[in-house]
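Protein sequences, first through last, are from chains E and D. So for the first sequence, the numbering used here puts the first residue at 1; every next one is plus one. So for the second sequence, the numbering used here puts the first residue at 1; every next one is plus one.
Check the hints yourself; a few may be wrong.
Since copy identity is lost for identical chains, a pair holds within one copy or between any two.
Subject to a maximum C-alpha distance of 35 Å in a straight line, what follows is the list of computed DSBU-like cross-link-like pairs (lysine-lysine) [unchecked claim]: (1) 209 x 363; (2) 3 x 30; (3) 149 x 121; (4) 332 x 21; (5) 30 x 365; (6) 149 x 357; (7) 365 x 331; (8) 237 x 121; (9) 298 x 237; (10) 121 x 209; (11) 259 x 280; (12) 332 x 179; (13) 149 x 332; (14) 160 x 365; (15) 281 x 209; (16) 363 x 295; (17) 34 x 242; (18) 209 x 365.
Don't read these hints as lab results, they were simulated from the structure.
There are 2 protein chains.
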Amino acid sequence: MSKDNFTVTPWDVSGDVNYNKLIKNFGLSKIDDKLLEKIKKQTGELHLFLKRGLFIAHRDLDVVLNSYAKGDSFFLYTGRGPSGNTHIGHLIPWILAKWLQDKYDLELYFQMTDDEKFLFKENLTLEEATGFAYENALDVIALGFDPKKTHIFTNTQYAKTLYPQALRVAKKLTFSTTKAVFGFTNETNTGQIFYTSMQTVPAFLPSVKAGRNIYCLIPHGIDQDPHFRVARDILPKLGYYKPASIQNIFFPGLAKGGKMSASDVNSAIFTTDSKKEVEKKINSAFTGGRETIEKQQKEGGNPDICNIYKYNHFLFEEDDERIEEMRHLCKKGQIRCKDCKKQLVQKINNFLQEHQKKRQLAKAKLSEFILTD
Amino acid sequence: MSKDNFTVTPWDVSGDVNYNKLIKNFGLSKIDDKLLEKIKKQTGELHLFLKRGLFIAHRDLDVVLNSYAKGDSFFLYTGRGPSGNTHIGHLIPWILAKWLQDKYDLELYFQMTDDEKFLFKENLTLEEATGFAYENALDVIALGFDPKKTHIFTNTQYAKTLYPQALRVAKKLTFSTTKAVFGFTNETNTGQIFYTSMQTVPAFLPSVKAGRNIYCLIPHGIDQDPHFRVARDILPKLGYYKPASIQNIFFPGLAKGGKMSASDVNSAIFTTDSKKEVEKKINSAFTGGRETIEKQQKEGGNPDICNIYKYNHFLFEEDDERIEEMRHLCKKGQIRCKDCKKQLVQKINNFLQEHQKKRQLAKAKLSEFILTD
Numbered sequence: 001m002s003k004d005n006f007t008v009t010p011w012d013v014s015g016d017v018n019y020n021k022l023i024k025n026f027g028l029s030k031i032d033d034k035l036l037e038k039i040k041k042q043t044g045e046l047h048l049f050l051k052r053g054l055f056i057a058h059r060d061l062d063v064v065l066n067s068y069a070k071g072d073s074f075f076l077y078t079g080r081g082p083s084g085n086t087h088i089g090h091l092i093p094w095i096l097a098k099w100l101q102d103k104y105d106l107e108l109y110f111q112m113t114d115d116e117k118f119l120f121k122e123n124l125t126l127e128e129a130t131g132f133a134y135e136n137a138l139d140v141i142a143l144g145f146d147p148k149k150t151h152i153f154t155n156t157q158y159a160k161t162l163y164p165q166a167l168r169v170a171k172k173l174t175f176s177t178t179k180a181v182f183g184f185t186n187e188t189n190t191g192q193i194f195y196t197s198m199q200t201v202p203a204f205l206p207s208v209k210a211g212r213n214i215y216c217l218i219p220h221g222i223d224q225d226p227h228f229r230v231a232r233d234i235l236p237k238l239g240y241y242k243p244a245s246i247q248n249i250f251f252p253g254l255a256k257g258g259k260m261s262a263s264d265v266n267s268a269i270f271t272t273d274s275k276k277e278v279e280k281k282i283n284s285a286f287t288g289g290r291e292t293i294e295k296q297q298k299e300g301g302n303p304d305i306c307n308i309y310k311y312n313h314f315l316f317e318e319d320d321e322r323i324e325e326m327r328h329l330c331k332k333g334q335i336r337c338k339d340c341k342k343q344l345v346q347k348i349n350n351f352l353q354e355h356q357k358k359r360q361l362a363k364a365k366l367s368e369f370i371l372t373d
Numbered sequence: 001m002s003k004d005n006f007t008v009t010p011w012d013v014s015g016d017v018n019y020n021k022l023i024k025n026f027g028l029s030k031i032d033d034k035l036l037e038k039i040k041k042q043t044g045e046l047h048l049f050l051k052r053g054l055f056i057a058h059r060d061l062d063v064v065l066n067s068y069a070k071g072d073s074f075f076l077y078t079g080r081g082p083s084g085n086t087h088i089g090h091l092i093p094w095i096l097a098k099w100l101q102d103k104y105d106l107e108l109y110f111q112m113t114d115d116e117k118f119l120f121k122e123n124l125t126l127e128e129a130t131g132f133a134y135e136n137a138l139d140v141i142a143l144g145f146d147p148k149k150t151h152i153f154t155n156t157q158y159a160k161t162l163y164p165q166a167l168r169v170a171k172k173l174t175f176s177t178t179k180a181v182f183g184f185t186n187e188t189n190t191g192q193i194f195y196t197s198m199q200t201v202p203a204f205l206p207s208v209k210a211g212r213n214i215y216c217l218i219p220h221g222i223d224q225d226p227h228f229r230v231a232r233d234i235l236p237k238l239g240y241y242k243p244a245s246i247q248n249i250f251f252p253g254l255a256k257g258g259k260m261s262a263s264d265v266n267s268a269i270f271t272t273d274s275k276k277e278v279e280k281k282i283n284s285a286f287t288g289g290r291e292t293i294e295k296q297q298k299e300g301g302n303p304d305i306c307n308i309y310k311y312n313h314f315l316f317e318e319d320d321e322r323i324e325e326m327r328h329l330c331k332k333g334q335i336r337c338k339d340c341k342k343q344l345v346q347k348i349n350n351f352l353q354e355h356q357k358k359r360q361l362a363k364a365k366l367s368e369f370i371l372t373d
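Next comes chain E alone, as it looks inside the complex (with noise of 0.2 Å):
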């Protein structure tokens, strides 16, 4: 734990994370109204995740964008670290990138780290990290992306094209670079130092297959801004543009504080969690409700800590009346936690349902998607 009591790294997010500090740690820009306007004028709308600051931290967008408007286009590259099912919290960047597909027509490059996974997990086989691969590309897919412009790699698979551009970045990264960066320390093992490598590769694989130099956009949760910082700093030592990045923070996890965590199977609402799952933990999740139902009258809940209202305002509300209207009921007292955790819950499943038929439709669709050597 640093001095600012939370710490945010690849691998371990734990404490009360300040995004305004975390910001200024890790040297990011926020996403301010004129950048928001200028890709509202780009698009012609805002994307909910934009209009509610789930997306917060960039660098280099305002560059990205600027090309785009002289008729530069760039790609999109996000991914998983494929270590167990997908939750609502993986989805975020993923949504926001298939936005971003279809908005500004983008190709996609989707890294599955099954490597990474392996190497970080101690008690997770590649065998194992490799299968989630191809469960998570299955949610990738039910999302909508256009088959023809997205493309998903699992590292393993993808290794006779990803291992010798990752070679070139590594012979540009000293280990004392990631013992700065991301921590690491003499008894961290060798694959782990290595890894970041194979996360840079796909920043530029596109300018390597072009023969020319294209901008790469990376939405991608906060954590990961040390492996782009890192890609950032190397890729101009081999002629290539450095990566612009928008950031998201962490989906809220069930319980209070904290975020949606895979291994943490009570904190996140999984894909593939069943309707009486999703109720269930629903119905247990922390809300800013009061203790009984005469002080919420009387008192009014809280918002801002709920994590049913939190929900709502990132992902499952979009109507922007509505929204408020929520907010107003809930200060006010009018409405009792149990309602609006029953709307959530019939909003939630509502999406699984969606979402698990369009899942069951992708297996058939996968070869469409997937690249390997």
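Using the hints provided, position chain D relative to the given structure of chain E.
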């Protein structure tokens, strides 16, 4: 340079190597008469390199041969760091591997480490290293290996198979260990730190493929021992046998002391050298001769420090009586360096003429030998 006034690592050989000290420092076993007897009993004869002390050290060779005697066979693994053309020194472990393949009817896995050479040579591109791998493979094939039992692969071209297995090794190997074994520092690049895991893979890949443990014997230059020390430490943790090895000393260079080195063209006879080049190089080689013919006739020469004598002893004069005669004539001052050189030029050029012919024919046979993903 260590306190021993010599340094031997896989990437740096310098000083006057004291092999007895090196064997002690590395913790190797000497190849003794008892072991040579065991080999002779199994093969019916001893290869020149064994009789003449070019291979002097081993690890667990006795274990592998005892197991063979009980009906449990083994496979061979050797390789090449493709940073340039092949010289005669490179051929040494390959020639022994060919003899072992024939005598014991063994599969051979031959690794071309283009990744290594790219990572450790500042100015070498990956494309150059991969290109040399194919050039060097022609020299391997020219030695007459059985295409049905010989599998040559280049790390970047076989990465889909090798990388996932290397991850299993790397997960068990800390930076601390690589510091101790290879002398790495914080400024070592992260590709170099990872690399040894790639060199470990062929020592157990046939066991992975077969789904059962198979003993591995690695004929290699003594400088490569640190890699296989790591392999021997880790493979049992993954459930595989420790690889055994049989290790040759460095093939003498053309100058006084030192070894044939690909990075110094004047130190080595390359397999692609012309007759004229060989003649020129051998004529300039360091010998054990005296300053003048008169002194030579009076005091005699010194075959023990003579490169011409060593080349005959180790490789070009198989006849035991003839080599003894050469030694005798030299020491008695009854033969001039000029004549020894003339004879050796003839022998080398005969060898190279035949080798270059086979090397040319090897181009059409490459596909029978090469493993790719």
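Using 35 Å as the alpha-carbon threshold, which applies to residue 34 and residue 242: within, between, both, or neither? Classified as within: same-chain Cα gap 22 Å, cross-chain 62 Å, threshold 35 Å.
Within, between, both or neither, where residue 149 and residue 357 count as close if Cα-Cα is 35 Å or less: Close inside one copy (22 Å), not across copies (50 Å); limit 35 Å.
For the identical chains here, do residue 149 and residue 121 meet the 35 Å Cα criterion within one copy, between copies, both, or neither? within (32 Å within a copy, 38 Å between copies)
Between the shortest in-copy and the shortest cross-copy C-alpha distance, which are at most 35 Å for residue 259 and residue 280: within, between, both, or neither? within (18 Å within a copy, 73 Å between copies)
Can you give me the call for residue 209 and residue 365, within, between, both or neither, at a CA distance of at most 35 Å? Answer is both; intra-copy 24 Å and inter-copy 30 Å each pass.
Cα distance capped at 35 Å. Does residue 332 pair with residue 21 within a copy, between copies, both, or neither? within (32 Å within a copy, 85 Å between copies)
I want to check one pair: residue 332 and residue 179. Are their C-alpha atoms no more than 35 Å apart within a copy, between two copies, both, or neither? Close neither inside one copy (51 Å) nor across copies (64 Å); limit 35 Å.
Is it within a copy, between copies, both, or neither that the alpha carbon of residue 298 lies no farther than 35 Å from that of residue 237? This pair counts as neither: shortest intra-copy Cα distance 63 Å, inter-copy 64 Å.
First find the shortest C-alpha distance between residue 160 and residue 365 inside one copy, then the shortest across copies, and answer within, between, both or neither for a cut-off of 35 Å. both (24 Å within a copy, 23 Å between copies)
Check residue 365 against residue 331 for me: Cα-Cα at most 35 Å, and say if that holds within a copy, between copies, both or neither. neither (46 Å within a copy, 80 Å between copies)
Is it within, between, both, or neither for residue 3 and residue 30, if the alpha carbons may be no more than 35 Å apart? within (22 Å within a copy, 57 Å between copies)
Regarding residue 121 and residue 209, is the shortest C-alpha distance of 35 Å or less found within a copy, between copies, in both, or in neither? For residue 121 and residue 209, the Cα distance is within 35 Å both inside one copy (32 Å) and across copies (25 Å).
Hint compliance for this structure: hints 5, 7, 9, 12, 13, 15, 16 are broken, all remaining hints hold.
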